[in-house]
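The listed protein sequences derive, respectively, from chains A and B.
So for the first sequence, numbering that gives the first Met the number 0 puts the first residue at 0; every next one is plus one.
So for the second sequence, numbering that gives the first Met the number 0 puts the first residue at 0; every next one is plus one.
The set of hints was computed from the structure by calculation and includes no laboratory data.
Calculated pairs, DSBU-like style, for lysine-lysine (alpha carbon to alpha carbon, straight line, at most 30 Å):
#1 B:76 / A:333
#2 A:198 / A:18
#3 B:44 / B:76
#4 A:215 / A:18
#5 A:9 / A:361
#6 B:12 / B:219
#7 B:18 / A:361
#8 A:92 / B:176
#9 B:176 / A:70
#10 B:204 / A:198
#11 A:342 / B:76
#12 A:9 / A:215
#13 A:360 / B:18
#14 B:109 / B:65
#15 A:47 / B:44
#16 A:1 / A:198
#17 A:198 / B:9
#18 A:44 / B:44
#19 B:12 / A:198
#20 B:109 / B:148
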Amino acid sequence: MKQFISFVRKEFYHIWRDKRTMFILLVMPIMQIIIFGFALTNEVKNAKIAILDQSHDAATASLLSEISASKYFDLEANLYTQSQIDETFKSGKAKMVIVLPANFQSDLQHTNSVQIQLIADASDPNTATTLINYASSVIRDYQLRLTAEQKIPYIINTQVRMLYNPQLKGAYSFVPGVMAMVLMLVCTMMTAITIVREKEMGTMEVMLVSPMQPLKIVTAKAVPYLLLSIVNIISILLLSVYVLDVPIEGSLLLLMAESILFTLTCLSFGLFISAVTDSQQTAMFISLTGMFLPTVMLSGFMFPVENMPLPLRIISHAVPARWFYQIVRSVMIKGLDISGVWKETVILIGMTIFLLGLAIKKFKIRLA
Amino acid sequence: MRTLLFLLQKEFKQIFRDKGILRVIFMMPAMQLLILPWAADYEIKNIRLAVVDHDHSVYAQNLINKITASGYFQLDKYTGYYNDALHEIEDDDADIILEIPTSFEKDFVKEQSTNLFIAVNAINGVKAGLGAGYLQTILSDYNQDIRLKWVQMPKFNNSPNINVTYSNWFNPLMNYKYFMVPGILVILLTMVGSFLASLNIVKEKEIGTIEQINVTPIKKYHFILGKLIPFWVLGLIILTIGLTIARLAYGISPAGSLLTIYVFAAVYLLAVLGLGLLLSTYCATQQQAMLISFFMMMIFVLLSGLYTPIDSMPEWAQWITRFNPVSYFIEVMRMVVLKGSSLSDVRNNIFIVLGFAVVLNTWAVFSYRKRA
Chain A
0 MKQFISFVRK EFYHIWRDKR TMFILLVMPI MQIIIFGFAL TNEVKNAKIA ILDQSHDAAT
60 ASLLSEISAS KYFDLEANLY TQSQIDETFK SGKAKMVIVL PANFQSDLQH TNSVQIQLIA
120 DASDPNTATT LINYASSVIR DYQLRLTAEQ KIPYIINTQV RMLYNPQLKG AYSFVPGVMA
180 MVLMLVCTMM TAITIVREKE MGTMEVMLVS PMQPLKIVTA KAVPYLLLSI VNIISILLLS
240 VYVLDVPIEG SLLLLMAESI LFTLTCLSFG LFISAVTDSQ QTAMFISLTG MFLPTVMLSG
300 FMFPVENMPL PLRIISHAVP ARWFYQIVRS VMIKGLDISG VWKETVILIG MTIFLLGLAI
360 KKFKIRLA
Chain B
0 MRTLLFLLQK EFKQIFRDKG ILRVIFMMPA MQLLILPWAA DYEIKNIRLA VVDHDHSVYA
60 QNLINKITAS GYFQLDKYTG YYNDALHEIE DDDADIILEI PTSFEKDFVK EQSTNLFIAV
120 NAINGVKAGL GAGYLQTILS DYNQDIRLKW VQMPKFNNSP NINVTYSNWF NPLMNYKYFM
180 VPGILVILLT MVGSFLASLN IVKEKEIGTI EQINVTPIKK YHFILGKLIP FWVLGLIILT
240 IGLTIARLAY GISPAGSLLT IYVFAAVYLL AVLGLGLLLS TYCATQQQAM LISFFMMMIF
300 VLLSGLYTPI DSMPEWAQWI TRFNPVSYFI EVMRMVVLKG SSLSDVRNNI FIVLGFAVVL
360 NTWAVFSYRK RA
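Put together the whole structure using the sequences plus the hints.
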């Protein structure tokens, strides 16, 4: 045991002395939470739009002032001919053009009918759809005011309730995702690389001839990263509760236990990678392509899994982060207890045992 | 000049001997371009609906039929109890609950006004907002339909009516892949540029071979150029592979000229490689270099406008994107590939990226020391 502790201590010195790496490992989750929490939103606001107003009368003026008053749009340019529309899009000056026909006001007053054309730059399909929806609703509001309170019979009222996340904050879906991503990075990648590095440098040989059992040597390498991950989990949770106002609805104890379980899964995978590779670069690319990309892409936190084609959906079942993501969402946001997440927990435990077994089997006591 | 040629020869030999690196260089872009765009689909479809029907009337039945016929919704559960439906949401089997109250039909006919309740799983705010939006549009269509049955509408409009028509340019089918593929191509180029270049130098440091180069009469800029040019060439090759894949697998051929893309890519690669070189001069181990470039890549990619529009970001984040070369290239890629913008449309971006390239490379040359 004393030997084991001194090996762990050596590993700590390694991390502690490399201040840059340690700094990044500890600051990365904080940066991620801040970027995801404040900078990334699919909500469209301040979108640049241009107006092609062919009538310039009182009615268009009042409609335009209403449009530019909305927080969704920034009036960027006034166009004068149809041909300018193409130009505006190509230079990226506007994302939508509102075309108001000639004789807007007189048509509106005499024939009671006018047409407005919205042209969106659909190279970004989501933004285009959203902009058209927003603009339509602003125009509809304007029209309602013109109609002046006529009573409409036969109404179906709908009441919408947003469960779990009434303010529709993005943070609710990405905090669990960031946790998965950071744990993966720290545990899988860093663990794999430190071990392979000792192989590359030849110091592994030195350790293997020591009286310590080889398996314990490797475990000693994993322990500091486990502790580091726990620090990261705590800082992510603190930030999300106190800075992003994402509450922890379920039991904190369960959440921590599940996080540690996932950390162990990642560590086992890291150990497995280190057992089968010999160079740091290969270890890095395997952990990047084998673990990190699937985590980002197939866990459901960046991209909706249900939209993917069947083969990808099947592959996503093999990604540990997918299950962890579901667990965190269920426990942290929906407030479920262990009975709600036992299935995912069992799957994670299974994966951990499998990976660990594989790593032990592949682990060689002798080099080359 | 001769010195440089020898250095280049050495670098190319090193790259082509390392099968692992070669595989990474050529396989990774191909794999990512073939898989990522399929995953990165934000279009909201197949929203799973749980219906709680307390009414069991003809109107309720018609309504459900209309919703499922729309193509956006699939009926996951039809039940009489709200708790059943809530359980579906807790298990992630349903996204939206539509609750039809007991007197839905009766109220509609007698009171001319009735209620429906919608509950949305809002953990993913965007999906929840869009899903509820679609459902409400369908409901108001349905409302309009049956209202017409009950009320004779006047022949002429007696109130002002504004018709809104819309058209989607450049991507009328609203294909999300057209949007993602050019962006992903940029990310690949960036990863190859900054990762490989910085790892390459740091590896020489770690192994100690850099000492051997340091004691030769090779000049600093020779060394930097010798590292820069091979990866620059590789980057352009990867771009070509990527564009071919985009063409063959997704049918995306640039609306603008290929020349514009290559000119921009050539300048852009200089900037990214400069960044990689700069990183490598500050790092001692591969682990460090990797972690730092990974960290920077993460910020660059997230704040590049690849996934979320830059315009929606807060002021401080928009300022960061202005110092992010990735965001300029993604913008240009999308403009040229989708809209057919010309070289003069993107000239500002070229000059800015050229500025990055000059600053980063000069900095790298100056901070590179021929001493251990």
